[in-house]
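S.K.: Quick note, the sequences are listed as chains L, B and H, same order.
With the numbering used here applied, the first sequence corresponds to residues 1 to 160, in that order.
With the numbering used here applied, the second sequence corresponds to residues 161 to 948, in that order.
With the numbering used here applied, the third sequence corresponds to residues 949 to 1212, in that order.
If you're looking for bench data, these hints aren't it; they were derived computationally from the structure.
Quick caveat, the model's predicted, so the values are computed rather than measured.
Hints may contain errors.
[Stated by the list, open to error] Label pairs and their computed distance ranges (CB to CB):
#1 L/S2 to B/E291: 52 to 58 Å
#2 H/G1143 to B/A557: 52 to 58 Å
#3 B/A185 to H/G1011: 52 to 58 Å
#4 H/M987 to L/G84: 38 to 44 Å
#5 B/M870 to L/S2: 39 to 45 Å
#6 B/K219 to L/G84: 50 to 56 Å
#7 B/A185 to H/T1140: 18 to 24 Å
#8 B/M870 to H/G1184: 19 to 25 Å
#9 B/M870 to L/T85: 38 to 44 Å
For every residue, glycine included, the Cβ atom is placed at its ideal position computed from N, Cα and C.
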Amino acid sequence: MSIPLSLTVNGKAVSATVDERTLLVELLRNHLNLTGTHIGCDTAQCGACTVQVDGRAVKACNVLAAQMDGAAVVTIEGLAAADGTLHPMQAAFKECHGLQCGFCTTGMVMSAIDLVARHPNADEQTIREELEGNLCRCTGYHNIVRAVATGAAAMAKQGG
Amino acid sequence: MGANDQGVIGQPVRRKEDHRFLIGAGQYTDDVNVHGQTYACFLRSPHAHAVIKSIDTAKAKAAPGVVAIFTGADLTGVNGLPCGWLITGTDGKPMNEPPHPVLAQGKVRHVGDQLAIVIAETAVQAKDAAELIDVDYEVLPAVVNCVDALKPGAPQIHEQAPGNKCYTWALGDKAAVDAAFAKAAHVSKLDIVNNRLIPNAIEPRAALASYSRSDDSYTLYVASQNPHVERLLMTAFVLGLPESKVRVIAPDVGGGFGSKIYLYAEETAMVWASKQVNRPIKWAAERSESFLTDAHGRDHVSHVELAMDKDGRFLALRVDTVANMGAYLSTFSTCIPTILYATLLAGQYTTPAIHCEVTASFTNTAPVDAYRGAGRPEATFVVERIVHQAAVDMKMAQDEIRRRNFIHDFPYATPVALTYDTGDYDATLDGAMKTADVAGFAARKAESAKRGMLRGLGYASYIEACGLAPSNIAGALGARAGLFEAGQVRVNPTGSVTVFTGSHSHGQGHETTFAQVVAGRLGIDIENVEVVHGDTGRIPFGMGTYGSRSLSVGGTAIVKALDKVIAKGKKIAAHLLEAAEGDIEFKDGKFTVAGTDRSKAFAEISLAAYVPHNYPLDKLEPGLDETAFYDPTNFTYPAGTHICEVEIDPETGVVKVASFTACDDFGNIINPMIVDGQVHGGVTQGIGQALLENCVYDPESGQLLTGSYMDYAMPRADDVPSFKVETRVTPCTHNPLGAKGCGEAGAIGAPAAMMNAVHDALAEVGVTRIDMPASPHRVWQAIQSARA
Amino acid sequence: MYTFEFKKVDSVAAAAELLAKTGGRPLAGGQSLIAAMKMRLSQPGTLVDLSGIAELKGIRKEGDAIVIGAMTRHAEVATSREVKSAIPALAALAEGIGDRQVRNMGTLGGALANNDPAACYPAAVLGLGATVHTNKRKIAADEFFKGMYETALAEGELITAVSFPIPKKAAYMKFVQPASRFALVGVFVAQTAGGVRVAVTGAAGSGVFRCKPLEDALGKSFKADAARAVRIDAAGLSNDLHGSPEYRAHLVAVMAARAVAAAG
């Protein structure tokens, strides 16, 4: 059995026919070769698979691709400018050493951008609470928190 | 640092590897796909202990998409997984070393033990088919606690290990310890549990195995910390293949923390099966499988006693420990609670006599092996908890009792087999106390009390032995492998450099730190240095990344290779400049005739080496590509003091980390940004162990009760504060970088600092013992019991 | 995941008809259901996606109540101006469910139909004495929750909206289970037109319940100390790795007291 889908991914129209059981993360990784979205758990808790769906951070391992018909999905691959310039949040993670092994990083950056959209001037406590849905085993979060604050300031300067 | 080191050394250079990770272009094993690949699913035991009466795969083999199914019976000619370290017991006999089958043979011994590999066209089909395999089990009683396993009447797990004992091993002078206790003015005692942890690298284990008929060779992509060791163990010990026929690639790896050091059954079965089915086979663990089958960490039960004179000087330390090996011996399991544990029990102190006896037992649980720190956190926890208790018992200040017993004269030979080369323990204690504002603690405690809160301060002055290790010493202690590292520096014709290192990077930032070392030594731009790691097909050899050894051992191998490059470069320069070799100096990226302005740039020399038109071909080979193997002469000894301040809500039992300060001595530092990051991560894992994380098996059924993030509490961003991290430097005396290692220190110091702070806070309500993790429930219960 | 059929519908009537015909399950935000299907713990033959049904969305004030459509996401409730001004406790509760990503997908109706014994929303529904609207009837909160993962919903019956009466005062306090961050104990207290209501989630395997001793005590004196003084019977409360029945009983009173203090 399979189901036809049309959606946009990183601004591009995508049509696919997938098995009903296909998760969004599987559509991205296996069908579209967008392997920057990672799978770190099977209980929708680690957040490594976080992408944006219609502007909101969502765990791509916990939604069906079928639910995404008509949606606009943005993944980590869709953040940098066409000329390769990093999104301010990506740049902030590099500047602040907000990543080590890189595996949680893509989901962390996607969450961070959602966070800043809602809390442009988030303080440390707010940032920490808002990152509840993203596990990192390497950084101890210290530099991630700094990166989010730095990225938020850069986004504000750039006008979002 | 040498005269040739440039400004890039010691700088917080932003990481070269970050860009690919940040744009989602990192390539982890599960991101790799090859044409015609199939997918594996492993059938796992739902029981902790059972006899396999029969396995019927007929229905499963007929399921849609199934390519093949293999069980233990099919693996003819395949040996069990080896253990890399032989421990000889106090009875003079080798440890009991029962077989560790790749797929279960006759019995399953822990929940998750693998019985069969199902290979199908899709991952879902493999999983569907695995459910159709019919296994007839005779369920046996199980034992999960390491102390219970040694009791008479406990379920027997292996024929080859009577009484479930792997070994009893001891270190130190028992008679001297007994004599010191006999004359002690005071003895402090504690019972200590070091809780079992599940590593939880965020990337689950994964593998992709392919076979090539053209040259009868295999390629294995695997999430591994040490691909050469993986290959050595798999080929030489298990599959009986020549190393040359297996290429192991560990691409980007999403964290390891020890759990990806080991040779696991899954990838071994996949390599073997890839030839049987003549198709590539891919597998990525689901997180639930990771919980059940990644090697776990810690799990010690100890009794410790410290003898002191009337002034609080340590006279002797006595430690008895039972360590859980799990159901099988994982690759380095046996050396963790012995060689990497008992040898560290001197801590930072002059304790003249120490004796430690360790019994390792088998249980119906996942194998236990090295997890960030590996033996050294357990040792530090024992030492620093008893020192805290001793200060309480002796009514001494926590810093005072430590200072009174600190080692000041180096080198210092401990009574437990190590010789510390250098250190300044007062400096790190002073630094931590100042930064933690210990002076202001009393006022903060009073303020907390006004709000009904309990506040506590805890110290941990830890030591670790890193830079594993002199191979001859390790060999004498039972290691079945060498522990050197290899580095190759290939100078390309135009002067760019490719470095091949056996130290795998999975978060540590080697691609940057090693590039800094090379750029600094050669005086070239860091952008012209590329670091390659994680591929047995490209790198001469390697022992991999563990034990905080990458810079001190792997980095030194690179430095040795650089020395050869520079030496050869001088010869070439001497020829080109028509000067004597002895007159050539290398500085700032230039080979100069001493005392003149005649020089050749590094790139001119490299070009000459590869375009040898004007070259001393009669004396010198062309090319500029040098390899070095470095075997250290001693361990390195990072040390420091961590101070933690907690606030506890007695009404709910919630422990909040009010502040955490780490003042560490890692020797010379190449990239302080990366070093700080390593400490942050380690400290958070330590806080996780102390407050949140706990692997719990049901004592009756042997089922894993903490088998997902729903029940295994991982530290999240709001569980920890921002950290205060600083360093002091006493350079390591026996490697050219003066580096000691920083990867594990946080996880080593933090649990003891945390729990000392918790005990300090709870002392005022009469609580004397609380085990890790100090969860709200446990803290509340301890307070209730103390009040009752 | 086992195989299933996926159907998206655009009206409640179509959904009901399809559910009746197939015996399938409605899919709301899917944050619990898809996770359960992935673990092969749930095996619906047909999934009926409700996300395209406009009539199930939205938040509006109706007289003395806030009415929230079943497919309204937690994040929308948390940030709704109507909810924040009329029942700030409800907005705060929604803001504390799961994590950000879960709140962006999860829905009120889905959470209630699932009735996880440690979920937050049931405490608000019961604590406020809300009314659950379905495609067939209106169900009072006191009649809706029937035990662990059990509700009064019949086969094929769909929640369409929930009507929350605006209380005089209310607050919710959650003590999180350290791993899952679900409620180890969550207590919703409300001063309503019908008196003080106290609903407790997380504490019992059978799910949310009203706590009469606390309601009596707070009915007499809506003060934190009054709640703190109540001894909660531990009998029947859950016992697991994260808390004994006694601990949970203790936390019920403590969280109630803190909720009263927060309610002002």
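S.K.: It remains to establish, for every hint, whether it holds in the given structure.
M.R.: Hint-by-hint comparison with the structure:
Distance hint for L/S2 and B/E291: a CB-CB separation of about 22 Å, inconsistent with the stated range 52 to 58 Å. Distance hint check: the CB atoms of H/G1143 and B/A557 are about 57 Å apart, consistent with the given range 52 to 58 Å. Taking the beta carbon of each, B/A185 and H/G1011 are about 56 Å apart, inside 52 to 58 Å as hinted. Between H/M987 and L/G84 the CB atoms are about 40 Å apart, so this pair conforms to the stated range of 38 to 44 Å.
In this structure, B/M870 and L/S2 break the distance hint of 39 to 45 Å, their C-beta atoms being roughly 32 Å apart. Remark: the range hint 50 to 56 Å for B/K219 to L/G84 is upheld by a beta-carbon distance near 53 Å. The supplied range of 18 to 24 Å is broken by B/A185 and H/T1140, whose beta-carbon atoms lie about 56 Å from each other. A C-beta distance of roughly 22 Å is found between B/M870 and H/G1184, which places it inside the suggested range of 19 to 25 Å.
Between B/M870 and L/T85 the beta carbons are some 40 Å apart, a value that agrees with the proposed interval 38 to 44 Å.
Hint compliance for this structure: hints 1, 5, 7 are broken, all remaining hints hold.
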